[in-house]
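Enquirer: So the chains spell out like this:
Protein chains: 2
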Amino acid sequence: MRPMEGITVVVDLDEMRIIGYRDRVVVPVPKAEGTDYRAAKQRPPFAPETKPGVVVQPAGKGFRIDGHVIRWSNWDFHLSYDARAGLVVSLASVYDAEKGARRRVLYRGYVSEVFVPYMDPAEEWYFRTFFDAGEYGFGLWASPLEPMTDCPANAEFMDGYYAAQDGEPVKLPNVFCVFERYSGDAAWRHTELGIPKQMISEVRQEVSLVVRMVGALGNYDYVTDWEFKTSGSIKVGVSLTGILEVKGTPYTHTDQITTDVHGSLLAENTIAVYHDHFVTYYLDLDIDGLNNTFIKSKLKTARVADSSGVPRRSYWTVTREAANMEADAHVEIGSVPAELLVVNPNKKTKMGNHVGYRLIANGVPVASLLSDDDYPQMRASYGKKQVWVTPYNKSEKWAAGLYVDNSRGDDNLAAWSQRNRAIKNVDIVVWHTVGFHHIPYQEDFPLMPMLSSGFELRPSNFFESNPLIRLRSTKQTHLPNCTLIV
Amino acid sequence: MRPMEGITVVVDLDEMRIIGYRDRVVVPVPKAEGTDYRAAKQRPPFAPETKPGVVVQPAGKGFRIDGHVIRWSNWDFHLSYDARAGLVVSLASVYDAEKGARRRVLYRGYVSEVFVPYMDPAEEWYFRTFFDAGEYGFGLWASPLEPMTDCPANAEFMDGYYAAQDGEPVKLPNVFCVFERYSGDAAWRHTELGIPKQMISEVRQEVSLVVRMVGALGNYDYVTDWEFKTSGSIKVGVSLTGILEVKGTPYTHTDQITTDVHGSLLAENTIAVYHDHFVTYYLDLDIDGLNNTFIKSKLKTARVADSSGVPRRSYWTVTREAANMEADAHVEIGSVPAELLVVNPNKKTKMGNHVGYRLIANGVPVASLLSDDDYPQMRASYGKKQVWVTPYNKSEKWAAGLYVDNSRGDDNLAAWSQRNRAIKNVDIVVWHTVGFHHIPYQEDFPLMPMLSSGFELRPSNFFESNPLIRLRSTKQTHLPNCTLIV
Numbered sequence: 001m002r003p004m005e006g007i008t009v010v011v012d013l014d015e016m017r018i019i020g021y022r023d024r025v026v027v028p029v030p031k032a033e034g035t036d037y038r039a040a041k042q043r044p045p046f047a048p049e050t051k052p053g054v055v056v057q058p059a060g061k062g063f064r065i066d067g068h069v070i071r072w073s074n075w076d077f078h079l080s081y082d083a084r085a086g087l088v089v090s091l092a093s094v095y096d097a098e099k100g101a102r103r104r105v106l107y108r109g110y111v112s113e114v115f116v117p118y119m120d121p122a123e124e125w126y127f128r129t130f131f132d133a134g135e136y137g138f139g140l141w142a143s144p145l146e147p148m149t150d151c152p153a154n155a156e157f158m159d160g161y162y163a164a165q166d167g168e169p170v171k172l173p174n175v176f177c178v179f180e181r182y183s184g185d186a187a188w189r190h191t192e193l194g195i196p197k198q199m200i201s202e203v204r205q206e207v208s209l210v211v212r213m214v215g216a217l218g219n220y221d222y223v224t225d226w227e228f229k230t231s232g233s234i235k236v237g238v239s240l241t242g243i244l245e246v247k248g249t250p251y252t253h254t255d256q257i258t259t260d261v262h263g264s265l266l267a268e269n270t271i272a273v274y275h276d277h278f279v280t281y282y283l284d285l286d287i288d289g290l291n292n293t294f295i296k297s298k299l300k301t302a303r304v305a306d307s308s309g310v311p312r313r314s315y316w317t318v319t320r321e322a323a324n325m326e327a328d329a330h331v332e333i334g335s336v337p338a339e340l341l342v343v344n345p346n347k348k349t350k351m352g353n354h355v356g357y358r359l360i361a362n363g364v365p366v367a368s369l370l371s372d373d374d375y376p377q378m379r380a381s382y383g384k385k386q387v388w389v390t391p392y393n394k395s396e397k398w399a400a401g402l403y404v405d406n407s408r409g410d411d412n413l414a415a416w417s418q419r420n421r422a423i424k425n426v427d428i429v430v431w432h433t434v435g436f437h438h439i440p441y442q443e444d445f446p447l448m449p450m451l452s453s454g455f456e457l458r459p460s461n462f463f464e465s466n467p468l469i470r471l472r473s474t475k476q477t478h479l480p481n482c483t484l485i486v
Numbered sequence: 001m002r003p004m005e006g007i008t009v010v011v012d013l014d015e016m017r018i019i020g021y022r023d024r025v026v027v028p029v030p031k032a033e034g035t036d037y038r039a040a041k042q043r044p045p046f047a048p049e050t051k052p053g054v055v056v057q058p059a060g061k062g063f064r065i066d067g068h069v070i071r072w073s074n075w076d077f078h079l080s081y082d083a084r085a086g087l088v089v090s091l092a093s094v095y096d097a098e099k100g101a102r103r104r105v106l107y108r109g110y111v112s113e114v115f116v117p118y119m120d121p122a123e124e125w126y127f128r129t130f131f132d133a134g135e136y137g138f139g140l141w142a143s144p145l146e147p148m149t150d151c152p153a154n155a156e157f158m159d160g161y162y163a164a165q166d167g168e169p170v171k172l173p174n175v176f177c178v179f180e181r182y183s184g185d186a187a188w189r190h191t192e193l194g195i196p197k198q199m200i201s202e203v204r205q206e207v208s209l210v211v212r213m214v215g216a217l218g219n220y221d222y223v224t225d226w227e228f229k230t231s232g233s234i235k236v237g238v239s240l241t242g243i244l245e246v247k248g249t250p251y252t253h254t255d256q257i258t259t260d261v262h263g264s265l266l267a268e269n270t271i272a273v274y275h276d277h278f279v280t281y282y283l284d285l286d287i288d289g290l291n292n293t294f295i296k297s298k299l300k301t302a303r304v305a306d307s308s309g310v311p312r313r314s315y316w317t318v319t320r321e322a323a324n325m326e327a328d329a330h331v332e333i334g335s336v337p338a339e340l341l342v343v344n345p346n347k348k349t350k351m352g353n354h355v356g357y358r359l360i361a362n363g364v365p366v367a368s369l370l371s372d373d374d375y376p377q378m379r380a381s382y383g384k385k386q387v388w389v390t391p392y393n394k395s396e397k398w399a400a401g402l403y404v405d406n407s408r409g410d411d412n413l414a415a416w417s418q419r420n421r422a423i424k425n426v427d428i429v430v431w432h433t434v435g436f437h438h439i440p441y442q443e444d445f446p447l448m449p450m451l452s453s454g455f456e457l458r459p460s461n462f463f464e465s466n467p468l469i470r471l472r473s474t475k476q477t478h479l480p481n482c483t484l485i486v
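Residue numbers (full-length UniProt numbering), protein chains in the order written: chain A, 1 to 486; chain B, 1 to 486.
In case anyone wonders, no lab produced these hints; they're calculated from the structure.
Any given hint might turn out to be false.
Note: identical chains are not told apart, hence a pair may lie in one copy or across any two.
[Stated by the list, open to error] In silico DSSO-like pairs for lysine-lysine, Cα to Cα no more than 27 Å straight-line:
| no. | residue 1 | residue 2 |
| --- | --- | --- |
| 1 | 298 | 384 |
| 2 | 41 | 350 |
| 3 | 384 | 300 |
| 4 | 51 | 197 |
| 5 | 296 | 384 |
| 6 | 99 | 31 |
| 7 | 51 | 61 |
| 8 | 197 | 31 |
| 9 | 31 | 41 |
Only a predicted model underlies this, so the values are computations on that prediction, with no experimental measurement involved.
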């Protein structure tokens with residue numbers, strides 16, 4: 001938060017020598033006041049307190065960790081660490097009580113790339129177009145999780161290991177946490193008030209399982225969650241916090257600013273530069289088997305025939321379009337009203353519906369605003385659509401390509417997809433980007449409160465009926481008697 | 001879930017006499033199997049169990065209820081019950097520790113209308129275009145909340161009262177609950193890995209306050225939450241659960257269906273009809289005072305000058321447009337990249353930014369797809385834009401008009417707004433619609449798992465800096481020692 005603006009140092013990494021130095025911009029270094037976020041450095045006045053709260057589980061934890069396999073309620077999945085991707089979920093399957101069988105959902109899912117372009121064309125800033133996974137390692141920069149704050153008291157932690165450049169194993173302690181969430185919400189409910197002299201009320205407490213990793217990429221912290229639900233849903237969340245990239249400036253008040261400064265004045269001599277975050281997920285869904293098809297269920301307005309005899313004039317109906325080729329599956333979410341599904345065209349429910357899951361975005365869709373002829377855009381040319389679907393190819397793991405440093409976009413998701421391969425009833429991979437345009441505000445200084453988005457993978461004709469109905473209530477009718485050990 | 005399809009009964013309410021009866025459609029009544037959602041009616045096989053979990057607060061609750069005023073951490077607000085709106089939040093203000101002052105945020109907020117049009121033009125269905133607040137009473141149909149499931153163990157409950165048609169007061173027990181949420185998430189964090197031989201890690205547990213009401217409108221249950229955060233944010237959530245409206249049909253398998261049946265076959269002889277939910281919020285924001293202005297901060301791509309000397313070609317920048325008149329503030333969210341703010345143009349931060357809050361939608365924006373000449377659309381003609389802004393007018397409380405039964409759209413939000421009144425630097429009201437297009441799936445049978453959306457009102461240059469930094473950690477370093485009293 002105290003930038004020394006305008007200094008460029010060029011280092012020859014072969015020689016390990018500074019070969020260039022330039023101090024182009026002379027502006028004051030912002031003062032220290034208010035920049036330290038550590039608890040020990042705070043002085044009154046303090047904000048009003050909150051009271052501590054802890055989840056207790058009187059009957060113990062409901063999940064088991066067998067090596068890298070997590071087993072909880074109706075879910076089984078494998079959890080592994082990768083220096084580039086971070087948290088990798090694989091072989092996620094859900095137990096279908098009605099069928100008495102375990103059924104496949106997600107072969108593998110992870111963060112494939114995090115593209116963060118800054119919007120200042122100045123000499124010291126134009127190149128700040130970070131690919132956090134491909135250039136830095138989303139897992140390499142994972143932060144050890146703090147018990148009781150990063151994850152609740154009832155969490156278990158797992159370590160990760162990677163091979164250092166000299167081949168030695170390096171341990172990342174507490175790189176993941178796993179915990180059961182008791183959010184205080186219901187999983188489903190209904191109160192029937194329409195029957196005279198009778199009130200039926202059925203409510204079930206929501207319990208879910210969360211696995212979490214935090215990528216602390218330099219200044220920024222990304223909290224990445226995979227939440228498994230007894231309904232069969234997987235909710236994927238990404239929350240941004242940490243420190244903004246700031247630029248030194250002579251300005252101390254917005255009244256002094258007469259040109260585009262490419263950011264927001266957050267404190268004296270401190271501009272937080274406009275930027276984006278595009279978190280691209282690799283989702284190799286295997287819905288009830290290997291071969292799947294991507295479906296767009298489009299909602300279209302229809303007219304009521306004048307001869308119908310009813311005064312209604314319109315309604316909407318649904319047209320299901322199966323994507324045959326990759327070009328059929330480049331989706332700008334929200335451009336037309338549609339639901340996006342991955343179905344298994346070889347498996348039907350008893351009613352005859354193809355078993356499937358659908359993708360629900362939990363935020364306003366965001367696309368890259370950079371020009372197509374701009375290098376960062378060429379490198380992340382997949383960033384103008386939120387969804388791509390490719391046939392599985394073991395060499396296509398990283399949205400921005402295998403080698404991202406100095407890449408020019410010739411080996412990325414959009415380049416592969418230009419081949420326009422067949423994607424119907426084959427093993428497919430869905431690539432989904434969760435994006436944020438980030439205009440900074442003063443509340444982001446010196447450290448921003450969590451800003452969250454994500455998506456849900458929700459069973460959609462996967463089960464014959466709501467699987468939650470077969471889940472007996474975990475209603476806790478008696479409060480635990482607790483004393484605090486200090 | 002067992003419709004007797006096609007019977008229309010006409011009742012003369014003055015005479016209290018049936019004056020018409022028609023049985024037009026003869027289809028089988030669906031069988032009972034699988035339609036009962038009650039725990040006591042379930043038979044094996046059951047789904048794998050989950051373990052109970054309870055939040056305990058070793059130092060007690062952090063909020064106080066003084067009559068109808070709730071005081072918690074930095075928030076004060078008034079909570080009241082209204083038969084039409086349900087839960088009404090008013091006079092919400094936040095304590096600014098840095099300024100040592102309480103500052104106004106929301107004068108009043110509530111669900112103004114819930115429009116639910118079904119998409120089947122048949123004689124028995126075309127008129128099912130419910131206005132749940134205006135026609136039925138979103139509060140009148142509020143459900144008593146169940147302790148331990150609708151709301152967690154640490155919740156407190158409040159009653160509501162309304163005047164019955166004979167003038168007698170009617171008590172709705174447990175109509176609201178209030179509780180502190182310990183979601184297991186962090187409110188903010190940062191791990192600094194870039195300083196050699198040092199690792200700084202600061203993480204704060206998120207604690208928020210939730211107030212909740214459930215409107216159980218016949219078959220459907222709407223869980224409406226207002227969550228107050230120590231960051232200054234208010235998160236508003238609406239979750240849908242309950243029972244779908246179903247239609248009798250001769251079909252028992254999708255292979256038999258050759259025409260548009262206007263819904264999804266969920267079980268034998270059971271079609272769940274396509275429909276929408278549009279939940280319209282009335283938000284009389286008073287950001288740090290009465291007179292406010294609505295701002296669209298538009299993101300626009302700019303070109304880098306060829307003479308710049310850098311290889312970058314583009315970036316985006318921000319243009320702030322203040323809405324002068326109502327017509328400037330009809331927003332289809334996502335149609336152009338923009339942030340939507342309400343600012344107080346008479347108050348600035350030390351840096352010179354107008355103090356404000358912004359509206360962040362937590363889902364893909366949804367608009368009505370009905371034709372403009374269709375009666376339900378005329379009545380809910382505000383439903384094609386997610387945001388409207390009006391000058392405060394005490395008679396404009398209900399988005400679909402004061403008298404909704406048999407309305408024709410001549411007294412609704414869109415009609416009032418046609419006057420195109422001045423809205424700059426006056427007391428303004430923001431109307432925000434959270435929408436769902438609902439294509440039913442088999443998982444929604446016999447009762448649907450929660451489906452959620454909502455929005456966040458987030459301080460944006462309201463505070464001089466992140467207020468969370470002044471909030472001392474509530475980190476619970478010791479686990480409570482608990483025994484279960486059975």
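Enquirer: Against each hint, give a clear statement of whether it holds in the structure.
Expert: Hints versus structure:
no.	hint	in the structure
1	298 / 384	both (20 Å within a copy, 18 Å between copies)
2	41 / 350	between (63 Å within a copy, 22 Å between copies)
3	384 / 300	both (24 Å within a copy, 15 Å between copies)
4	51 / 197	neither (42 Å within a copy, 35 Å between copies)
5	296 / 384	both (18 Å within a copy, 22 Å between copies)
6	99 / 31	between (65 Å within a copy, 20 Å between copies)
7	51 / 61	both (24 Å within a copy, 7 Å between copies)
8	197 / 31	between (70 Å within a copy, 25 Å between copies)
9	31 / 41	within (15 Å within a copy, 68 Å between copies)
Consistency note: the structure conflicts with earlier hint 4 alone.
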